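2 protein chains.
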Amino acid sequence: MSRSFDPNEGGEFQSPALERLVRSLSRLPGLGRKSATRIGLHLIDQKSVAEELLLSAAEAGQKVTNCSNCGAITEPDPCRICCNDRRNPTQLCIVATPVDVLPFEKAGFFSGRYFVLGGLLSPLDGVRSEDLPFQKLARRIEDDRVTEVIIALDASVEGETTALYVQRMLEGSDINMTRLATGIPVGGALAYIDEVTLQRAFQGRRSF
Amino acid sequence: MSRSFDPNEGGEFQSPALERLVRSLSRLPGLGRKSATRIGLHLIDQKSVAEELLLSAAEAGQKVTNCSNCGAITEPDPCRICCNDRRNPTQLCIVATPVDVLPFEKAGFFSGRYFVLGGLLSPLDGVRSEDLPFQKLARRIEDDRVTEVIIALDASVEGETTALYVQRMLEGSDINMTRLATGIPVGGALAYIDEVTLQRAFQGRRSF
Numbered sequence: 081m082s083r084s085f086d087p088n089e090g091g092e093f094q095s096p097a098l099e100r101l102v103r104s105l106s107r108l109p110g111l112g113r114k115s116a117t118r119i120g121l122h123l124i125d126q127k128s129v130a131e132e133l134l135l136s137a138a139e140a141g142q143k144v145t146n147c148s149n150c151g152a153i154t155e156p157d158p159c160r161i162c163c164n165d166r167r168n169p170t171q172l173c174i175v176a177t178p179v180d181v182l183p184f185e186k187a188g189f190f191s192g193r194y195f196v197l198g199g200l201l202s203p204l205d206g207v208r209s210e211d212l213p214f215q216k217l218a219r220r221i222e223d224d225r226v227t228e229v230i231i232a233l234d235a236s237v238e239g240e241t242t243a244l245y246v247q248r249m250l251e252g253s254d255i256n257m258t259r260l261a262t263g264i265p266v267g268g269a270l271a272y273i274d275e276v277t278l279q280r281a282f283q284g285r286r287s288f
Numbered sequence: 081m082s083r084s085f086d087p088n089e090g091g092e093f094q095s096p097a098l099e100r101l102v103r104s105l106s107r108l109p110g111l112g113r114k115s116a117t118r119i120g121l122h123l124i125d126q127k128s129v130a131e132e133l134l135l136s137a138a139e140a141g142q143k144v145t146n147c148s149n150c151g152a153i154t155e156p157d158p159c160r161i162c163c164n165d166r167r168n169p170t171q172l173c174i175v176a177t178p179v180d181v182l183p184f185e186k187a188g189f190f191s192g193r194y195f196v197l198g199g200l201l202s203p204l205d206g207v208r209s210e211d212l213p214f215q216k217l218a219r220r221i222e223d224d225r226v227t228e229v230i231i232a233l234d235a236s237v238e239g240e241t242t243a244l245y246v247q248r249m250l251e252g253s254d255i256n257m258t259r260l261a262t263g264i265p266v267g268g269a270l271a272y273i274d275e276v277t278l279q280r281a282f283q284g285r286r287s288f
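Chains as they are written, first to last, in the numbering used here: chain H, 81 to 288; chain S, 81 to 288.
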């Protein structure tokens, strides 16, 4: 071998390709360098696992889309929820991202439909009302004769701002606008609840 | 939509493709269903991240190989370690898997070379001596005029069995056979050390 190697060329692995794979993996949410290394080496070692993963990721990338009607993650478009006659179209739950639909559907108690905003108003990040589909929301509310709008947005400044915007949009109509209750989570230990949540839970207290 | 949907067809996602992706991901080491879901949704959402990952995984799958001489993970074959004239060929460290080379190289104190067995003897799992490259090891030891063999195998029954096999192989030669010390890890709290390790550390105690 006449070629000399840069000892750092391939990172700790003697392999630039493996180093790149581990770096890509460590950019995924929740994976640090160690877990990414473990997974990268596993993928190199188990070719069949890697091939299955490559196939399923490519397939999901092609097939998975967002419902053109409500914005939820789906393969058929419009999605199963929008096409289901037993789901009440007059009860509309507004969420920020497609992922936010999942906990509702998993719990299975909600029989209305969804509208995914795709973001929250944020003057700091430059997200203004014209960047979010409020016109589409207004049309949807009119077309589906929505009677109740349930706001299920983050309890953050951006979430509050967005909720306020929707509230103003609906002002003058007789649409009932509600939001999810803020309070102690079921099974949550009171001692470890943050002060804001505690105050909100206190403000929202109910009589037995 | 005339087609009716099986509510469980796409798992919790309304999407069989996403469900398959999450299942593939959750088969990776250290990932449960929740982390796999988080990563799967991230990959769907961030197409560029997914594409980079697909590319780097495919590239690594093609380029990364095992050194034909020592078995370490490498791209050039023979590997950088085997080609490095400054690495002492007469000091040979025997490890079970290619991954086991990494901590040595990261620490950087070892200036000898490696031999990856690719497994450990295990009568229970049907791994016999003819399944492991002991003949290649014997040839390597002869060709490189190895004077010290360092056994760096797991402290398991399989590791001990394999170490014993190598020991018998070298019987009659004047090759020095050593093994890594067993003991309390640096920074390890004595109170939480398992009994076997403690006993080994005691047996291996050194005078100041």
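It should be emphasised that the hints constitute simulated quantities derived from the structure, not laboratory data.
Incorrect hints may have been included.
Same chains, same label: a pair holds when it works inside one copy or across any pair of copies.
Stated by the list, open to error - Here are the simulated lysine to any residue pairs, SDA-like style, with alpha carbons at most 20 Å apart: (1) K127 to R103; (2) K216 to F190; (3) K127 to T145; (4) K143 to E132; (5) K216 to I231; (6) K127 to N168; (7) K186 to R103; (8) K216 to D157; (9) K114 to K186; (10) K143 to G188; (11) K127 to E139; (12) K143 to D274; (13) K143 to A269.
What you are looking at is a predicted structure, and each value in this text was computed from that prediction instead of being measured.
Can you give me the call for K127 and R103, within, between, both or neither, at a CA distance of at most 20 Å?
-> For K127 and R103, the Cα distance is within 20 Å both inside one copy (19 Å) and across copies (17 Å).
20 Å Cα cut-off: does K143 pair with D274 within a copy, between copies, both or neither?
-> neither (41 Å within a copy, 50 Å between copies)
Identical-chain pair category, K216 with I231, by Cα at 20 Å = within (16 Å within a copy, 69 Å between copies)
Homomeric proximity label, K186 with R103: Cα distance no greater than 20 Å = between (33 Å within a copy, 17 Å between copies)
Under a CA distance limit of 20 Å, which applies to K114 and K186: within one copy, between copies, both, or neither?
-> Cα proximity of K114 and K186: across copies only (13 Å, versus 32 Å in one copy).
Could you figure out if K143 and E132 sit no more than 20 Å apart (CA to CA) within one copy, between two copies, both or neither?
-> both (16 Å within a copy, 18 Å between copies)
When no copy is named, should K216 and F190 be tagged within, between, both, or neither for a Cα gap of at most 20 Å?
-> neither (22 Å within a copy, 66 Å between copies)
Same-copy or cross-copy closeness of K127 to E139 [CA-CA at most 20 Å] | Both. Shortest intra-copy (18 Å) and inter-copy (12 Å) distances satisfy the 20 Å Cα cut-off.
Could you place K127 and T145 in one of the four classes (within, between, both, neither) given a Cα distance threshold of 20 Å?
-> Between copies only: 12 Å across, 28 Å inside.
At 20 Å max between alpha carbons, let me know whether K143 reaches G188 within a copy, between copies, both or neither.
-> Neither. Shortest intra-copy (25 Å) and inter-copy (47 Å) distances fail the 20 Å Cα cut-off.
Same-copy or cross-copy closeness of K216 to D157 [CA-CA at most 20 Å] | Answer is within; shortest intra-copy Cα gap is 17 Å, inter-copy 59 Å.
How do K143 and A269 come out at 20 Å by Cα distance, when the copy is not named: within, between, both, or neither?
-> neither (42 Å within a copy, 51 Å between copies)
Checked against the numbered hints given earlier, this structure breaks hints 2, 6, 10, 12 and 13; the rest are met.
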